[in-house]
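S.K.: Protein sequences, first through last, are from chains P and S. Sequential numbering from 1 applies to the first sequence in the working numbering. Sequential numbering from 131 applies to the second sequence in the working numbering.
Honestly, the hints are just simulated from the structure, not real lab data. The structure presented is a predicted model; accordingly, all values stated were derived computationally and were not measured. Where is the CB? At the ideal position from N, CA and C, for every residue including glycine. Just so you know, not all the hints are guaranteed correct.
To be verified - Only part of the chain S face toward chain P is listed, based on derived beta-carbon distances under 8 Å:
(1) Met-156
(2) Ala-160
(3) Arg-163
(4) Arg-164
(5) Asn-180
(6) Ile-182
(7) Asn-185
(8) Ser-187
(9) Tyr-263
(10) Pro-344
To be verified - No farther apart than 20 Å at their CA atoms in a straight line, the calculated lysine-lysine pairs in the PhoX-like style are these:
(11) Lys-178(S) to Lys-207(S)
(12) Lys-149(S) to Lys-161(S)
(13) Lys-277(S) to Lys-14(P)
(14) Lys-409(S) to Lys-48(P)
(15) Lys-94(P) to Lys-73(P)
(16) Lys-244(S) to Lys-231(S)
(17) Lys-230(S) to Lys-294(S)
(18) Lys-266(S) to Lys-277(S)
(19) Lys-207(S) to Lys-73(P)
(20) Lys-207(S) to Lys-294(S)
(21) Lys-161(S) to Lys-311(S)
(22) Lys-38(P) to Lys-91(P)
(23) Lys-14(P) to Lys-230(S)
(24) Lys-294(S) to Lys-277(S)
(25) Lys-38(P) to Lys-88(P)
(26) Lys-14(P) to Lys-294(S)
(27) Lys-14(P) to Lys-62(P)
(28) Lys-247(S) to Lys-311(S)
(29) Lys-138(S) to Lys-116(P)
(30) Lys-19(P) to Lys-231(S)
(31) Lys-38(P) to Lys-19(P)
(32) Lys-127(P) to Lys-94(P)
(33) Lys-244(S) to Lys-178(S)
(34) Lys-6(P) to Lys-233(S)
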Amino acid sequence: MSEEFKIEIIDPEKLFFSKEGITEAVVPAYEGEMGILKDHISIISFLKPGIITIYAESLEEKFYVEDGIVEFKDNNLSILTSSIFNLKDAKKDKLQDLLNLAEEEANNTEINDQSKYLINQKIEVLKSLN
Amino acid sequence: MASLDDLKKRILSVKSTQKITKAMKMVAAAKLRRAQESAERGRPYSEKMNNIILNLSDGISNKENAPKLLSGSGNDKVHLCVVMTSDRGLCGGFNSNIIKKAKNYFAKLSKDGKDLKIITVGSKGNDQLKRAYSDKIIANISFKDSKHANYFDANKVGKMIIEKFEAEEFDVCTIFYNQFKNVITQIPQAQQIIPLNVENSKENNAEDSYEFEPDEDEILGNLLPKNISTQIFKAMLENSASEQGSRMSAMDNATRNAGEMVDKLTIEYNRSRQAAITKELIEIISGAESL
Numbered sequence: 001m002s003e004e005f006k007i008e009i010i011d012p013e014k015l016f017f018s019k020e021g022i023t024e025a026v027v028p029a030y031e032g033e034m035g036i037l038k039d040h041i042s043i044i045s046f047l048k049p050g051i052i053t054i055y056a057e058s059l060e061e062k063f064y065v066e067d068g069i070v071e072f073k074d075n076n077l078s079i080l081t082s083s084i085f086n087l088k089d090a091k092k093d094k095l096q097d098l099l100n101l102a103e104e105e106a107n108n109t110e111i112n113d114q115s116k117y118l119i120n121q122k123i124e125v126l127k128s129l130n
Numbered sequence: 131m132a133s134l135d136d137l138k139k140r141i142l143s144v145k146s147t148q149k150i151t152k153a154m155k156m157v158a159a160a161k162l163r164r165a166q167e168s169a170e171r172g173r174p175y176s177e178k179m180n181n182i183i184l185n186l187s188d189g190i191s192n193k194e195n196a197p198k199l200l201s202g203s204g205n206d207k208v209h210l211c212v213v214m215t216s217d218r219g220l221c222g223g224f225n226s227n228i229i230k231k232a233k234n235y236f237a238k239l240s241k242d243g244k245d246l247k248i249i250t251v252g253s254k255g256n257d258q259l260k261r262a263y264s265d266k267i268i269a270n271i272s273f274k275d276s277k278h279a280n281y282f283d284a285n286k287v288g289k290m291i292i293e294k295f296e297a298e299e300f301d302v303c304t305i306f307y308n309q310f311k312n313v314i315t316q317i318p319q320a321q322q323i324i325p326l327n328v329e330n331s332k333e334n335n336a337e338d339s340y341e342f343e344p345d346e347d348e349i350l351g352n353l354l355p356k357n358i359s360t361q362i363f364k365a366m367l368e369n370s371a372s373e374q375g376s377r378m379s380a381m382d383n384a385t386r387n388a389g390e391m392v393d394k395l396t397i398e399y400n401r402s403r404q405a406a407i408t409k410e411l412i413e414i415i416s417g418a419e420s421l
């Protein structure tokens with residue numbers, strides 16, 4: 001089909017996920033969720049904590065990310081992230097652990113506004129998952 | 131000449147040493163494969179990261195407002211050197227090569243009148259450097275407990291470096307590590323990570339017009355700290371592959387040397403055994419003749 005593009009999710013240790021034939025991807029970009037379709041303009045942005053959703057013909061994958069960089073170019077979507085997992089594999093208590101950790105961090109008063117914003121975002125996302 | 135018993139003991143001891151070095155070689159070979167695989171798997175990440183940074187720094191309009199991690203602090207006075215070595219010995223010239231490279235660099239820095247600060251990663255480097263540079267070493271990090279190089283560890287080092295940079299404790303940061311070429315060759319490398327050397331940006335600027343969201347400066351500000359950790363992680367991966375490769379060839383040599391030694395000692399042992407028999411025979415014969 002012509003309405004498809006390729007996605008690569010890379011973490012520092014390996015190629016985490018790679019697939020062709022993607023019809024749509026929704027990524028939590030820093031300034032809001034961003035849906036990407038084929039022939040999107042070349043773009044670079046970075047991610048805030050959230051859910052990446054990938055739609056292919058007969059498949060829908062969801063990933064949780066905490067940070068990362070997105071690059072879209074020539075119908076190649078590359079996502080670089082150091083913290084990602086597939087929601088299918090995620091255990092309830094792991095999510096709870098992450099939430100606890102994030103809440104602890106949020107109580108730290110010495111962090112700057114930007115990281116505060118990111119942490120609150122993270123808590124929100126994790127809460128919605130639990 | 132050593133007695134027969136002594137020779138026997140020596141042969142035995144060399145043989146058991148040979149067994150150990152042989153086992154270490156096998157272990158290193160297995161670990162090397164794994165380390166090499168993870169080094170290869172980690173390559174796409176750092177390459178992509180590099181590409182994006184190249185694209186971004188091309189697009190940056192105003193170099194003066196560029197993040198300090200890219201443009202530098204404006205000074206060139208205090209140099210931070212991160213020397214990455216292994217935690218274990220018996221790996222040939224692996225550690226000494228890095229240290230030699232680092233020491234040459236230190237000597238050059240002090241000749242130019244720069245201030246020097248050192249962070250050692252890995253205990254072997256610390257052992258070798260603390261005699262001459264104990265007052266310069268500001269931190270020693272060791273990942274003895276981690277089974278293999280992981281990003282989490284690299285990130286810790288990266289964060290520490292960035293904290294120190296933001297506190298203006300240094301101006302230029304260089305990392306030292308061994309680049310893995312093949313099992314017998316590892317090349318000690320000095321790589322400057324702060325400020326970042328943006329090279330060969332000429333190739334791919336014309337047609338790439340990216341949209342940035344938010345703007346370039348902000349993305350770069352977010353990306354550069356990550357790049358530090360990525361570079362360190364890359365160095366760690368290269369280092370662990372190099373360490374295993376170096377250990378493997380060192381142990382291979384040791385096993386071969388032990389084999390040669392066993393051969394030599396066995397010949398000597400047999401010779402003295404024959405000499406003893408001949409001596410006994412002569413004694414018997416001359417005893418019989420004198421009757």
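S.K.: Keeping to a limit of 20 Å between CA atoms, is the pair of Lys-149(S) and Lys-161(S) held or broken?
M.R.: Distance of about 18 Å is within 20 Å: holds.
S.K.: Starting from Lys-127(P), check that the Cα of Lys-94(P) is at most 20 Å away, please.
M.R.: This hinted pair holds, its Cα atoms lying about 12 Å apart.
S.K.: Take the C-alpha atoms of Lys-266(S) and Lys-277(S), compute the straight-line distance between them, and say whether it is at most 20 Å.
M.R.: With a Cα-Cα distance of about 29 Å, the restraint between Lys-266(S) and Lys-277(S) is violated, given a limit of 20 Å.
S.K.: Can you confirm whether the C-alpha distance between Lys-38(P) and Lys-88(P) stays at or below 20 Å?
M.R.: violated, 26 Å
S.K.: For the pair supplied as a hint, Lys-247(S) and Lys-311(S), is the alpha-carbon distance within the 20 Å limit?
M.R.: violated, 29 Å
S.K.: Hold the hint about Ser-187(S) up to the distance rule: shortest CB distance to chain P must be less than 8 Å.
M.R.: violated, 12 Å
S.K.: Would the pair Lys-178(S) and Lys-207(S) pass a check requiring their Cα atoms to be no farther apart than 20 Å?
M.R.: Answer violated: Lys-178(S) to Lys-207(S) is near 32 Å, above 20 Å.
S.K.: Are the Cα atoms of Lys-14(P) and Lys-62(P) separated by 20 Å or less?
M.R.: holds, 19 Å
S.K.: When you check the alpha-carbon spacing of Lys-14(P) and Lys-230(S), does it fall within 20 Å?
M.R.: Roughly 32 Å separates the two Cα atoms, so the pair is violated.
S.K.: Regarding the pair Lys-14(P) and Lys-294(S), is the alpha-carbon distance no greater than 20 Å?
M.R.: violated, 29 Å
S.K.: For the hint on Arg-164(S), does the least C-beta distance to chain P fall short of 8 Å?
M.R.: violated, 12 Å
S.K.: Given the hint that Lys-19(P) pairs with Lys-231(S), test it: the Cα-Cα distance must not exceed 20 Å.
M.R.: violated, 43 Å
When held up to the earlier numbered hints, the structure conflicts with 1, 2, 3, 4, 5, 8, 9, 11, 14, 15, 17, 18, 19, 22, 23, 24, 25, 26, 28, 29, 30, 33 and 34 and fits the remainder.
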